[in-house]
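Participant: These protein sequences, in sequence, are chains A and B. 1 is the number of the first residue of the first sequence in the working numbering; add one for each residue after it. 1 is the number of the first residue of the second sequence in the working numbering; add one for each residue after it.
None of these hints come from the bench; they were simulated from the model. It is possible that some hints are incorrect.
[What the hints assert, rightly or not] Here chain B is said to cover these stretches of chain A; the calculated rule only asks that three of the stretch's residues, wherever they fall, bring their Cβ under 8 Å from a Cβ of chain B: (1) 150 to 163; (2) 285 to 298; (3) 436 to 443; (4) 491 to 500.
By construction, the Cβ of each residue, glycine as well, lies at the ideal position given by its N, Cα and C atoms.
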Amino acid sequence: MLHLFKSGVLAGTMLFSLSLRGQDCTLRVRGVVEDIHHHAGLEYATVYVEETGQGSICTETGEFSIENLCKGSYHFLVSHLGCQSQRHFISINRDTIIHFHLEHHATMLSEVLVSENRSKTGIGLQHYSIGGAGLQALAGKDLSQIAAQIPGVSVLKSGVGLSKPVINGLYGHRIQILNQGVPQEGQQWGLDHAPEIDPLTFQKISVVKGSAAVKYGVNAMAGVLILESQSIRNDPHVHGHVQAMYLSNGRGLMTNLQFSQALPALRYRFNGTFKVSGDQHTPDYYLTNTAAGQQSFALQLTNDPGKKYYRSLYLSSFSNQTGLLLGSHVGNLTDLEAALQSKEPLYTRKEFSYGIEAPRQQVNHLLIKFENRVNGSHGKTWGGDVAVQKNSRKEFDVRRGGRDSIPSLGLHLWNIWADVFLTKENDKSKFSLGLQPRFGHNKNEAGTGVYPLIPNYTQLNHAAYASWIQKWGNVSAELGSRYEYQLLKVSRYTRDGQLQKPEHRFQNAALNAGAEYQPNDKFSVKTNVAFIHRSPQVHELYSDGLHQGLAAIEEGNAMLGAEQSWKVSADLRYHLGQENQIALSVYYHNIDKFIFLAPTGTNRLTVRGAFPVFRYFQEGVNLKGLDLLVHQGIGHHLEINVKAAYVHGSYREDGSGLIYMPPFQSSAEVSTLFSKWWVWEDIKLTLDASYTAKARMNTRPMDLVAPPKEYTLFGLSWSGKQTVAKKQFVYTLKGENIFNVKYRDYLNRLRYFADDPGRNITFRIQFIF
Amino acid sequence: MKFNLFILSLLFTMTMFTSCNPDDADPVNEEEVITTFTYTLTPKSGGSPVLLKFSDPDGDGGAAPVITGGALENGKTYTGRITLINEVANPDVDISAEVKAEGTDHQFFFAVTESLNDAFTLAYTDADASGNPVGLETEFNTVKTATGSLRITLRHKPNKAATGVKNGDITNAGGETDAEVTFSLEIK
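Pulled out of the complex, with its shape left as it was, chain A reads as follows (with noise of 0.2 Å):
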């Protein structure tokens, strides 16, 4: 599933018109079917024409040949074993040459150099992404859990659908989510609050670990998850899939509906997905009220008239539901530890249900988004986007008087976000400046009768930056540097009634600064350091109220300064040959007042027993890492992908270990592909393993049960195309966790509580059209 390639480039075609004299349906058209990255001819690639039936399978070199082609425009349908296919809607007047690249590895992991300023990101170092194949092989799964295919990426979960990226040991607010290029804004300081976004809008997810914060803010420290779409092919016919999907694991179906057309005037793609899902089973039990419901939709609309001007609106509207394991509500630390100590979690039930009770979550998001850009001469782009976003959020819990339908918790934060940048670039340099004004206000639902756990506030964000990127022989250099002015108001009711309304002024900074050095093709080293003054956020500032999963009372420390961040990383990449490669990543992370959750060591009397006090404290932290891949790619008979991540957080006074870290991981992954069998083409068999070890023992804070023991998982999948009437179905079998082994995941949060889900086998059937 991993490689390395240069993303930005994204497959295209080349045409030369070779003569003048061609006639009606004597037209040929040849030309050569290339990896785009090793432009290398690819050998049994097949060029098909749609409209004819007419194909060409390509020899040696990788060319075609196709004649006796009419006057006309015609959808050409290039394939080659291990890559996705492409469609080109090409109008052929007269004899032609076509050069098709084709992405041979859209599956894999891939990296941008700091030499490529065409990214669309624009950001240097340590780039991943998964996209094509790879993605839809994913379908189902969760934003975070597909992240997490990427080396140093983990996932924090607290149930089915609610989990949370990490990248490199940290998550919540010092990592950034950007969808479609804006900052994702939600409630993000909840541990069981997920990214409120559709993983299948999307055709390329990437990480960027470390130095991204220049461009995207100082929430970004341990790095950007971006989340992009592809651009929409010009075709002016309706092309798309449609898929539905059985997961054994809690009967959960799902159907998607993705289609674009290019018309005249504009270019629109559209995307929905519904999702449904029941009870989860472990190995042993039901883990009862962990049904899930998501419904979503989006929808992009370009035009680019001429070459000058782009223009894009995109919509977004993404709502869920998800239920919460009953088991791990508790009312009182005695409730507490009779669940810790409880073989299955309470209130677990026999039978399976798709029901959705308290407590439970309900989210809506919506995003829209417009983005425009002129190109001017010399290299220059001018570019101005504006997104609005609207994040509600509920939060029910078991209550009493019938109080069940009335939300605890009910969140309403609008935010308006802006980008107005230029940038001007040559083949050897690029240059970016830009002013990203941010606006945020959260108010909270009135009549909840709980006290909020989060005030009402205004938020401003204004931010200025500039980044540079020069290029010379085999060195590259890139500088960033950001400044933000932020001002948040508070309002909010104290305990004994007093309303009470402080502000706060921050000023906050990232610099960057990286070097990459490529002596040849087969080796090249990046180091980068970054430097992040990050202010406290509000929660952190101001929560108060009770954790029920976990007993404990949160409490905010108004008096928290900035944190300061240090991460200094190398990455060094060896290709043993065109298709087999290594990538190293290291990395040493200080961070100065570092803030973070502890107990006070006083407890509260209330009417439901003594509660335990945490507050939030600063300390010096550091963090250090590796992240390792090693890809052998198709070209021979097995493609084979091991990754491992390992990293380890302390506090610098002490040495003790930060909780919540993940433990050491490593994944191997092994597939055969067969060109033909039966009426299935593109067959690929695929066999993994996972191994993820026991975590270490926190005592700062003590955690409540000791880290569950090292597990191993197994899955198997298929997946073969088949073709009918000129129209492709794909199919998928996919067993994960096969042999039902019983285990607990130490980032899962009901691991107090529950064993994790086991065996799924999921069926997917895709009609591409």
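For this one, chain A is given, so just place chain B on it according to the hints.
Facilitator: Chain B only, in chain A's frame:
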């Protein structure tokens, strides 16, 4: 030119944000908090009732709760009655009425420290819609002199069908704790 106008209007919009204030927080009407938990023990033979009381008028946090224990006479029968009041809400809410209305979803459990073992007997005298005990009303018989503490737990959605639960044994009850208060108690 069109684009420059766009940028200008954008910057103008942004400057408007600088004057924006948060919506004033709404006063919180905490509806479910129990601020006063009273166990009233009235002697059947007449006399003044004994009040075991937990009082935290400002709810969770703020000032610490005040807990008042009591003394009972040996060899007497008392009628026990639990009242739960929420004084944080405006007006006050009688939570015991909610518990009574949702009797099948609630049950009180009584536990003592070792020194009070066998010092009294306690029986549920009320029932929910299914005929199972709730514990808002009890009968309390003192049988020997002793000093210790009495812990009363209110469970929300206990499994009343589980072994021993109907007889007041909390072990298999499960459910979520809505209240758990401990009073010092003397039988003299």
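Participant: Quick one: see if chain B covers the segment 491 to 500 of chain A, three-plus residues with Cβ-Cβ under 8 Å.
Facilitator: It holds, with 7 qualifying residues against the three required.
Participant: Test coverage of the segment 150 to 163 of chain A by chain B using CB-CB distances below 8 Å; three residues minimum.
Facilitator: violated (count 0)
Participant: Tell me if chain B covers the segment 436 to 443 of chain A under the three-residue, 8 Å CB rule, please?
Facilitator: Result for this restraint: holds, n = 5.
Participant: According to a criterion of three or more residues whose C-beta lies within less than 8 Å of a C-beta of chain B, is the segment 285 to 298 of chain A covered?
Facilitator: Violated: only 0 residues of the segment 285 to 298 of chain A have a Cβ under 8 Å from chain B.
When each numbered hint is compared with the structure, violations occur for hints 1, 2.
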